[in-house]
Amino acid sequence: MAPAGRVDRGGTAVSLRRKLLLVIVASVCVVVGLLAAGAVVVTRRTFQQVNDARTAAVAAQFQSEFARRGEEMARRVEAIASSPEATRMAVDLNHGADLSGYVNAASEIAEEHQLGLLEFLAADGTVISSAQWPARFNYKTELPAGAPQQPFLQAEELPEGWTVGLLAERAVKIGDQSLYVVGGQRLDERFLASLPLPAGTRVLLYRKLQASFTPQGLVDQQGPVANGEKLAGTVERVLETGATQNATIGWTSDAADSESFQAVPLKGAGGEVVGALLLGSSRRALVESERHIRNLGLALGGLGILLAIVLSGWAAARVTRPVEQLAEAARQVAAGNWDAKVEVESEDEVGELAEAFNRMTRELIEHRERLVQAERVAAWRELARRLAHELKNPLFPLQITVENLVRARETAPQQFDEVFRESTQTLLAEIANLKAIVGRFSDFSKMPQPQLQRVEVNELVSGVGKLFEPQLKAAAKGEIALKMELGADAGAIEVDPELLHRALSNLVLNAIDAMTGPGTIAVRTRGGERSAKIEVSDTGGGLTPEEQARIFTPYYTSKQHGTGLGLAIVQSVVSDHSGKITVESAPGRGTTFIMELPRRAPERPATSAREAR
Amino acid sequence: MRPTLLRWLAASSLLLAATAAAAAQHPRYGGTLRVEMRAAPVSLDPTDEGAPLEAAARARIAPLLFDTLFRVDAEGRVRPQLAEGYAFQNENKLWKFPIARGVKFSDGTPLTASDVASSLATANPDWHVRTEGETVVIETDSPDPAMLAELALAKNAIVRRAGNALVGTGPFTIAQWQPGQRLTLKANEEYWRGRPFVDAVEIVFGQSAREQALALDLGRADVVEVSPEQARGDARRVRSSEPVETFAIVFDRGRTDARLREAISLAADRGSIARGIFQGLAEPVGSILPQWVSGYAFLFPWQRDVNRARQLREATGARPVVLAYPPNDGLARLVAERVALNARDAGIVVQPTPGSGAADARIVRVRVASSDARVALAAMAKRLGTALPRTPWTLEEAYQAEDRLLSDFAIVPLVAARDAQALAERVKDWPAAQDGAWRLQDAWIAGAQP
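Here the protein sequences line up with chains A and B, keeping their order. Under numbering that gives the first Met the number 0, think of the first position of the first sequence as 0, with each following residue one higher. Under numbering that gives the first Met the number 0, think of the first position of the second sequence as 0, with each following residue one higher.
In isolation and in its complexed conformation, chain A is listed as follows (with noise of 0.2 Å):
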């Protein structure tokens, strides 16, 4: 039996005090917890506002430099256009001159200008001179679309590669020819670094170098961008569809180091998509402050679970004592205590539970002291009504018999000594009778203490079965076969030889008894490891499950003769010898007597229980 208090499940047992433990504790870890997570969603919640108006900013200061750059270009450019330079130029376009002289003159005006691109083209885009890539004079280049008068961005070949231009273009136009001037700004990291950006924030820029995502094209403050190609996925969304996209990135494997990053496409003077203008912003302060939320919570959830387990543990123990009380007040009474009682200490529903089992064991003692009462009582009943029904029999012949003498005495006094020699011969024989019943009843009431020694089952089994083989035999019911069925694992016991000698005669007697004519009756041993047991089974008539409840009981018998003392005499025995005797039967089937007898006596009570009793 598991003790008070806990809950036995296949060996997993959970106390009391601990599971109120396990509870206030988790309830602390949840509180904490849910805690932490909504302070996490609010602070996420407020950067994610922060951070939303910090690149809307940007964005609308980038669009703003964008638009003052682009006018500052414009201006240049219309200066450039407005030179002597250029109209000397345009003059010699038009009159068809050779213009191979003004090869270098585009590097010359866009350093005076302060231009990083500039270019002096024919109207059939024929490059005259190039700043940014000097070498392609005489070469034709394609005139923006649509000549605009605002600034535009362009992506722009360059001996290296690609690049994108904030450009403006202005004609120059000298008889019939038109000479074009186009010049601006390269888009690079020096752009980039030319913007006032806030703390915290970075913007990237790329230029569309080729179909697909180049991480060469993909340049910040200081140059190309380490890792750049983990913004693939998102610039390629952004020259796919032409629309501003989100992301996050995460440049290492510390989440502090991660941005978000808002890419704009930049759309040229076509609406082209020539690049994207990425607003990156730090995560870290976000990442920081829910690492520090975390802390915190983790650090104030050890404080709560430190002082929920000392709380929990002094608020357990106050609610478990008299649980723990009431247990082992409950397995005293089981174990026979019945006067154990629980110290009653508060009023609540604990206290209310303690009294009650106070009152239970109360009343539990009252009962059996009544019980045992009615039993006593009951018992002396049925001993009167044996002893009178045993005794009424030899006295009634004893009292015909006297009669006979009296009335031969006075009719036929000649006949009387033969009359007194026969009723003498009756009478002694009726008070031989009576006395036998006496003793039996004796020898009931003085059951010996069991005088324990070792002994090997199958050996007494068998000088019992030897001991009732002629009787068995010369049955006048018929011949009744013993059947000795005994197992090699019977082993030795300690018990009293002559005892269970004698209650297993007793079962082999009721077992004769039981049977109205032939059969068998076997008698089988068998072993464990900690007990040995002995069936007696006869072919009778069985027993009805009213007599199976009644059979120990001492002075009941289902036999017409019978002192109702054989079997209880057995459970005596075994009983004694702390062992157990169960019966199987139904009627028409036989019954069989099962001895269970421990190997080893246990220790013997000061008191038997017979003797208790």
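Bear in mind the hints are in silico, worked out from the structure with no lab data behind them. Here the structure is a predicted model, which means the values were calculated and not measured. Beta carbons are placed, not taken as given, at the ideal position from N, Cα and C, and that holds for glycine.
Non-contacting residues of chain B with respect to chain A, defined by C-beta distances greater than 12 Å in every case (computed): (1) 117; (2) 298; (3) 386.
Below are the SDA-like pairs computed for lysine to any residue, each with C-alpha atoms no more than 20 Å apart in a straight line: (4) A/139 - B/270; (5) A/482 - A/591; (6) A/139 - B/346; (7) B/185 - B/26; (8) A/391 - A/558; (9) A/139 - B/348; (10) A/465 - A/497; (11) A/266 - A/73; (12) A/139 - B/305; (13) A/340 - A/330.
Mind docking chain B on chain A? Use the hints.
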């Protein structure tokens, strides 16, 4: 009276004007000639080769400090200088040169045959040089018919090496030398061919073309180099030489196919390079030696043929060609980029890249070392990485050697560039040398005070 007076006054005015004009054209001693150049040599030893730009600078400076046994005059003829004459024997393998008498080093010590022999032996380790009295004897393992022209090369200048100091017999001596930064020369008062007109020459190194032009405009410099991008429309006095530096593509034979090399040669628009990039300070060439040196350069075609180039490209495949050019050499970069653009017209991908690492081809600029075609070809071929087995004996041999050099298109000459200098107004009698050499001992400064 009045007519006589008028005639007198008129005659006097004409006389004064003529006198003033004559005075203005008459050389004057004195003054410091201030020169700026882009190169930044760290050595003045004419035997050092080094980077082409620095070697060219040393070649220009060497005649100011050192003399050679022979020199090339303004017409390109070889003339004796420190040698009084020459004699040769044994099929041009043994040469004897009597040394001029009375020549002194700038430190006052007399020039001896031993000095000459020692200097020549240092510059030419494979020569056997000895003295016989005041005659220097040179023996070579193979006949050297161009010995006199070789002795006129700057690297064969007669130098006496005293520790780190270099002493010569030239018209100037070293007054101050800051390697790579500045060189100050002062006139050698005892120069055996007569003191130069200017008292000193100050050369500032490492100046960009823009810095030089600015210095000239601000009057801080008298002579500056003129880069092609500054040549056109420049109102200043510009003096240019004959083409003295050949720009060529030198292919790695192991990494490129001959047909692809020929295709790139045919695709190259040399005329545009010469007119556009060099602004006329170069000539398109198909040969290593320019026409003025060899006289046969016209036999090497250089005209563009894109269709033929495209056909050759189709026969060889479309493997990209990495074309390297010297870092910090803007002209070479422009040439490389133009070649790449031209090649693209024929479907050939040429990738210009700065550096001297592994590449399929390189842009190489090599100076004409001598006006003697045989000597010049031998020296230039060596600089281009394909040394001739021996110096050609005749011009015809030189032609045949050059034809062989160019036959597999591993060397593709593009243009031959001229040297150009811009002079301040006060610089007079700047010698117009074909080879671009600076013979400053002949120049003088107007208004200079001795």
